[in-house]
Amino acid sequence: MSCQPKTSTYHIMIRGARHSNLFYSRTDYSHFLHLLTSLKYHFSFDVHAFSFVPNQIHLLIETFQPKISTIICQIQTKYAAYFNQSYRLNGLIFQGQCISQRIKDDTHFYQTSRFIHLLPLMQKVTSNIHHYRWSSARDFLAPQAEDAAMHPLLTINRTLEIFTYPKHESFHDFLFSSVQMKMNL
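For the sequence shown, my numbering begins at 177 and goes up steadily by one.
A portion of the hints provided could be inaccurate.
Stated by the list, open to error - For each label pair, taking beta carbons as the anchor points, the in silico distance ranges come out as: (1) Y341 / G272: 41 to 47 Å; (2) K254 / D349: 34 to 40 Å; (3) T253 / T203: 17 to 23 Å; (4) F291 / N333: 16 to 22 Å.
What the hints assert, rightly or not - With a Cα cut of at most 20 Å, we get these calculated EDC-like pairs of lysine to aspartate or glutamate: (5) K280 / D222; (6) K300 / D281; (7) K280 / E345.
Hints in this document: simulated from the structure, not taken from any laboratory. Please read these numbers as outputs of a predicted model, since none were measured by experiment. C-beta: ideal position from N, C-alpha, C; glycine also.
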């Protein structure tokens with residue numbers, strides 16, 4: 177019998193209450209990124225992709241020990257406290273419960289990764305995903321040392337393992353390979 181810990185991968189979608197913004201400033205985005213990074217070291221999970229747009233948060237998370245609900249509860253509680261204190265508000269900032277969709281297989285993993293990375297373009301938050309700092313896309317699209325993400329939050333090896341060298345160029349081709357996506361952008 178195997179002693180390997182069970183892992184599960186999820187697409188996490190968190191939206192602002194009443195479609196309101198979760199991020200108003202660069203400081204808000206930075207705080208959320210720092211919060212997520214610190215929780216990564218407190219709990220046992222990997223972040224394979226992320227995108228933050230003003231009223232939504234999308235994460236591709238692989239958990240190793242705690243339930244995904246424990247991680248999300250911590251994220252939402254800590255960020256809501258920061259947000260409400262920063263803007264002198266009280267009450268809920270998130271739209272109901274977050275949506276967590278379990279990733280079924282590798283195809284689903286890569287489709288979800290593509291969706292998350294292209295979200296800022298689809299939402300028209302940026303016209304250049306290569307430079308949008310609130311998405312992990314730029315970590316995958318930039319030439320870099322093997323298995324070394326720019327941001328310590330990110331785990332890139334599972335995503336890049338199927339791509340040929342140079343991996344950042346292969347990932348770019350994959351990301352923009354959908355004709356429909358190209359036409360919509």
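Hints, verified against the model:
At roughly 44 Å, the beta carbons of Y341 and G272 sit within the given window of 41 to 47 Å. For K254 and D349, the hinted distance range of 34 to 40 Å is satisfied, since their beta carbons lie about 38 Å from each other. Against the hinted window of 17 to 23 Å, the Cβ-Cβ separation of T253 and T203 comes to about 19 Å, which satisfies the hint. Roughly 20 Å separates the CB atoms of F291 and N333, a value that falls within the hinted 16 to 22 Å.
Proposed proximity of K280 and D222 is supported: the alpha carbons are some 17 Å apart, at most 20 Å. Under the criterion of a C-alpha separation no larger than 20 Å, the hint pairing K300 with D281 is inconsistent with the structure, at around 29 Å. At roughly 26 Å between alpha-carbon atoms, K280 and E345 are farther apart than 20 Å, so this suggested pair is violated.
Of the hints listed earlier, those the structure fails to meet are numbers 6, 7, in rising order.
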